Amino acid sequence: MNLTLYIWRQRDRNARGQMVKYHLSDVSPDMSFLEMLDLLNQKLYESGEEPIAFDHDCREGICGMCSLVINGQPHGPQAATTTCQLHMRKFKDGDTIYIEPFRARAFPVIRDLVVDRSALDRIIQAGGFISAPTGSAVDANSIPVPRDEAETAMDAAECIGCGACVAACKNASAMLFTAAKIGHLKHLPQGQPERRRRVLSMVEQMDAEGFGNCTNYYECEAACPKEISVKFIAEMNRDYLKAALTDPNYGEKKSSSK
Amino acid sequence: MILDGKVPPGPLEDKWTEYRRNMKLVSPANKRKYRIIVVGSGLAGASAAATLGQLGYNVDCFCFQDSPRRAHSIAAQGGINAAKNYQNDGDSVYRLFYDTIKGGDFRAREANVYRLAEISTAIIDQCVALGVPFAREYGGLLANRSFGGAQVSRTFYARGQTGQQLLLGAYSALQRQIAAGQVKMHTRTEMLDLVVVNGQARGIITRNLVTGEIKRHAAAAVILATGGYGTVFYLSTNAAGCNVTAAYRAYKRGALFANPCFTQIHPTCIPVHGEHQSKLTLMSESLRNDGRVWVPKKPGDTRHPNDIPEDERDYYLERKYPSYGNLSPRDIASRAAKEVCDEGRGVGQLGRGVYLDFRDAIKRLGRETIAARYGNLFEMYNRITDEDPYEVPMRIYPASHYTMGGLWVDYSLMSNVPGLFVLGEANFSDHGANRLGASALMQGLADGFFIISDTLGNYLATTKPDPVGTDHAAFDEAETEVRDRLQKLLNVRGKRSPDSFHRALGSIMWEYCGMARNAQGLKKALSEIPAIREEFWRDVRVPGTGEEFNIALEKAGRVADYLEFAELLCHDALTREESCGGHFREEYQDEEGEALRDDENFAHVAAWEYQGVGKTPVLHKEPLVFENVELTKRSYK
Ligand SMILES: Cc1cc2nc3c(=O)[nH]c(=O)nc-3n(C[C@H](O)[C@H](O)[C@H](O)COP(=O)(O)OP(=O)(O)OC[C@H]3O[C@@H](n4cnc5c(N)ncnc54)[C@H](O)[C@@H]3O)c2cc1C
Ligand code: FES
Numbered sequence: 001m002n003l004t005l006y007i008w009r010q011r012d013r014n015a016r017g018q019m020v021k022y023h024l025s026d027v028s029p030d031m032s033f034l035e036m037l038d039l040l041n042q043k044l045y046e047s048g049e050e051p052i053a054f055d056h057d058c059r060e061g062i063c064g065m066c067s068l069v070i071n072g073q074p075h076g077p078q079a080a081t082t083t084c085q086l087h088m089r090k091f092k093d094g095d096t097i098y099i100e101p102f103r104a105r106a107f108p109v110i111r112d113l114v115v116d117r118s119a120l121d122r123i124i125q126a127g128g129f130i131s132a133p134t135g136s137a138v139d140a141n142s143i144p145v146p147r148d149e150a151e152t153a154m155d156a157a158e159c160i161g162c163g164a165c166v167a168a169c170k171n172a173s174a175m176l177f178t179a180a181k182i183g184h185l186k187h188l189p190q191g192q193p194e195r196r197r198r199v200l201s202m203v204e205q206m207d208a209e210g211f212g213n214c215t216n217y218y219e220c221e222a223a224c225p226k227e228i229s230v231k232f233i234a235e236m237n238r239d240y241l242k243a244a245l246t247d248p249n250y251g252e253k254k255s256s257s258k
Numbered sequence: 001m002i003l004d005g006k007v008p009p010g011p012l013e014d015k016w017t018e019y020r021r022n023m024k025l026v027s028p029a030n031k032r033k034y035r036i037i038v039v040g041s042g043l044a045g046a047s048a049a050a051t052l053g054q055l056g057y058n059v060d061c062f063c064f065q066d067s068p069r070r071a072h073s074i075a076a077q078g079g080i081n082a083a084k085n086y087q088n089d090g091d092s093v094y095r096l097f098y099d100t101i102k103g104g105d106f107r108a109r110e111a112n113v114y115r116l117a118e119i120s121t122a123i124i125d126q127c128v129a130l131g132v133p134f135a136r137e138y139g140g141l142l143a144n145r146s147f148g149g150a151q152v153s154r155t156f157y158a159r160g161q162t163g164q165q166l167l168l169g170a171y172s173a174l175q176r177q178i179a180a181g182q183v184k185m186h187t188r189t190e191m192l193d194l195v196v197v198n199g200q201a202r203g204i205i206t207r208n209l210v211t212g213e214i215k216r217h218a219a220a221a222v223i224l225a226t227g228g229y230g231t232v233f234y235l236s237t238n239a240a241g242c243n244v245t246a247a248y249r250a251y252k253r254g255a256l257f258a259n260p261c262f263t264q265i266h267p268t269c270i271p272v273h274g275e276h277q278s279k280l281t282l283m284s285e286s287l288r289n290d291g292r293v294w295v296p297k298k299p300g301d302t303r304h305p306n307d308i309p310e311d312e313r314d315y316y317l318e319r320k321y322p323s324y325g326n327l328s329p330r331d332i333a334s335r336a337a338k339e340v341c342d343e344g345r346g347v348g349q350l351g352r353g354v355y356l357d358f359r360d361a362i363k364r365l366g367r368e369t370i371a372a373r374y375g376n377l378f379e380m381y382n383r384i385t386d387e388d389p390y391e392v393p394m395r396i397y398p399a400s401h402y403t404m405g406g407l408w409v410d411y412s413l414m415s416n417v418p419g420l421f422v423l424g425e426a427n428f429s430d431h432g433a434n435r436l437g438a439s440a441l442m443q444g445l446a447d448g449f450f451i452i453s454d455t456l457g458n459y460l461a462t463t464k465p466d467p468v469g470t471d472h473a474a475f476d477e478a479e480t481e482v483r484d485r486l487q488k489l490l491n492v493r494g495k496r497s498p499d500s501f502h503r504a505l506g507s508i509m510w511e512y513c514g515m516a517r518n519a520q521g522l523k524k525a526l527s528e529i530p531a532i533r534e535e536f537w538r539d540v541r542v543p544g545t546g547e548e549f550n551i552a553l554e555k556a557g558r559v560a561d562y563l564e565f566a567e568l569l570c571h572d573a574l575t576r577e578e579s580c581g582g583h584f585r586e587e588y589q590d591e592e593g594e595a596l597r598d599d600e601n602f603a604h605v606a607a608w609e610y611q612g613v614g615k616t617p618v619l620h621k622e623p624l625v626f627e628n629v630e631l632t633k634r635s636y637k
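Chains as they are written, first to last, in my numbering: chain H, 1 to 258; chain B, 1 to 637.
Excised from the complex, chain H in its bound form (with noise of 0.2 Å):
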């Protein structure tokens, strides 16, 4: 397959960055798209050029460290797929493709495709856990949880963590990610003593990240690679709500953190 591509060039987070026009040839259908990168960067070194930076590790749809938008869509045009899981097979000969980085105001560029998502795992240490200090367990069967609680639980926590809900949302929302979280250890018996405080101090850390609003366009559920589903926003906002009006200090504290 021949291609023509339009990619994100960006020297680093404080530089000018533009869209490059690249002509790739000799691309197998049955390479993944990251391969296909490869197969560019590969020709750069040969040209002495730069390689594009992209962020990709498992290369297996897990770790949620690649990303890119391709033609306009996070993780590109195949549902229920990251992008080290696309293959060019998906793909035309002759196709025109522009690869451009996630986009959000918490997500600033760090280099060309490679963005800073830390904004993430601070929402995690804002609440994202179960306090249960190591050897404080009691026999794991002492506490049996319901199967289809069990996986719904699972379906939350299938959550990669990669951002594309945050890249597809036109408000850079964060909330299918921190609702999936809530999800997964609210359903669980173990998830309860903390779910009020949890569901109040990750909302909040998510609004001081500059994620935007949900107004409800559930791009983000259509992009997600995994799949989960935007019912989780629908049982944060719930929780959030009724944690919200019980708790009596709520409002002065964030009143006061703002």
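Source of the hints: derived by calculation from the structure; they are not laboratory data. Do not rely on the hints blindly, as some may be mistaken.
Computed from the model, here is a short list of chain H residues facing chain B with C-beta under 7 Å [claimed, not checked]:
id	residue
1	LEU39
2	GLN42
3	CYS58
4	MET65
5	PRO108
6	ARG111
7	ARG117
8	ALA153
9	GLN192
Bear in mind the structure is a predicted one, so any value in this text is a computation, not a measurement. All residues carry an ideal CB built from backbone N, CA and C; glycine is no exception.
Starting from the structure of chain H, add chain B with the ligands where the hints point.
For chain B with the ligands alone, coordinates are given in the frame of chain H:
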């Protein structure tokens, strides 16, 4: 030097209790005074950093990815073992211990393996408490599956993403400690050297991968949990970023490297399809619970698999190993696949593949049950190959997957360099010459959650290390070396990409040091590796500077280390004149092609001491003494 593993005396079942009874403790007030470095945020590193932070130590944790949650542990699919005996099928701590020792072909230290089996049950408890959503039965209790090399069902799992869920559990505990200020996380930061002060590991030198800043970090002790070196073969099931750099730099600073030739080739991976391939994808071993492995009886049979009648198929694993069948251990299943392909009976375009067929399982259990068990794996297979495993048998072939070898550690997981501890896949300790499925996750979490907190405390309480500043001469020296090396890489200004050298090295390693090895091939590899290394330092191209985000520089540094390390690996393989586990030397096999172990001469750990680039390392042996198991020929027939 004869190495001493410092195994506590007494009966096997009491050793860990005995160790804990006698160990010294650090008071809470003193814990606060100690800074501990943890390199790595996989299962081993994240669980260690979280646990040590919780105890009150000041922890600095490092990883090269943009988030600790992306460590390679995230990719583990199949499950984690534990001797819970929830299925009441005859499992016990002793049985898990025995299966692991036997699975490792009697090349691991008994006491370590027993401790691992003993701790396994607490790991599951801890993970459930952290909210890991393991698979459950309708009654709400935990479900289990069986895995290769075992006749009991002791594997806990979370769909096909067990590693992901376990790592997210450990990561969440780590995030809690970061929020509490007990752990400082350094992401996109690579350790480039170990600093040894007066014979003790007291710090590291790192490079910030975003800004290029080189930094010194001092600590009371250094813990490496940096994973394995499976990407020495270039193509492997490991993540692209996996590398040997941290462990290799420690080796160059005096830590011994043990059994580097014990590498595991996993039998069920999607076969190679083209020259630009960057990665081989694992199809979880759990598939062998229901899938049947076969090839056509006739060589060169090009018929569509569904057109080959039952009596013209060779279910070779069931035929050769009737009692374990498709669940034979990995090394055995891998070699058997190579054998049938060498006979010309391999399938797929390149003739390097065998079928893994679900037809009978779908008939027996229904499509829905199979989809529930393996749905996401089937999808992944379909995405990569464009074939539908519900209709056509999968094609699989062995690929580099895991490395049993690693830095040598004693019973307390400390290397021969005092103050340097090594956890998880980066150490050599528990899996001998072959690892059983679902045991690496168990080991990573045992090391990080439950062992290091005790053994590190004992070390600190015994040695009471004085504070050391980053202005010590040893830091100057290490930093200068790191800077010089980076500059040297930038100065070559050759024509070839770092990746092209990695690929070239990988094909030599796979050819001569892969699934089957012999003296002649290994000698050839040992003459070719230095040649590639010289070529690398003459012709590698690293554009840009050291003071910026530079993917070429990152990669070149890792490849440069592999180009030295590969020689060590081949040298170990050449010296071990026996076949055991993942190390199969063609000269040492019986008439039926089964491995011939040599317990008289090789029942030892081979731990190598660095002597200089290209120089033959010095061998130190730790004799393996088996007081509780009989060294039998490993038979799965
Ligand atoms: C595809 C696949 C499936 C698997 N499935 C299973 C399974 O089902 N069951 C099972 O038991 N095992 C399985 N394994 C094996 C298991 O996943 C690994 O052995 C285990 O997760 C390793 O954990 P670790 O913590 O030792 O290292 P890793 O998870 O590899 O973590 C290494 C860490 O070190 C960091 N690091 C490395 N070098 C440096 C450096 N120089 N500077 C800074 N940081 C550094 C990395 O950033 C990372 O955080 C599987 C492996 C693969 C490849
Ligand atoms: S590289 Fe890991 S999800 Fe794509």
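These are the hints, each one checked on the structure:
1. LEU39: holds, 6 Å
2. GLN42: holds, 6 Å
3. CYS58: holds, 4 Å
4. MET65: holds, 5 Å
5. PRO108: Where the cut-off is 7 Å and the nearest Cβ of chain B is about 11 Å from PRO108 of chain H, the hint is violated.
6. ARG111: This interface hint holds because 4 Å falls under the 7 Å limit.
7. ARG117: holds, 6 Å
8. ALA153: The hint holds - ALA153 of chain H has a Cβ within 7 Å of chain B, the shortest such distance being about 4 Å.
9. GLN192: violated, 11 Å
In this structure, the hints that do not hold are numbers 5 and 9, in rising order.
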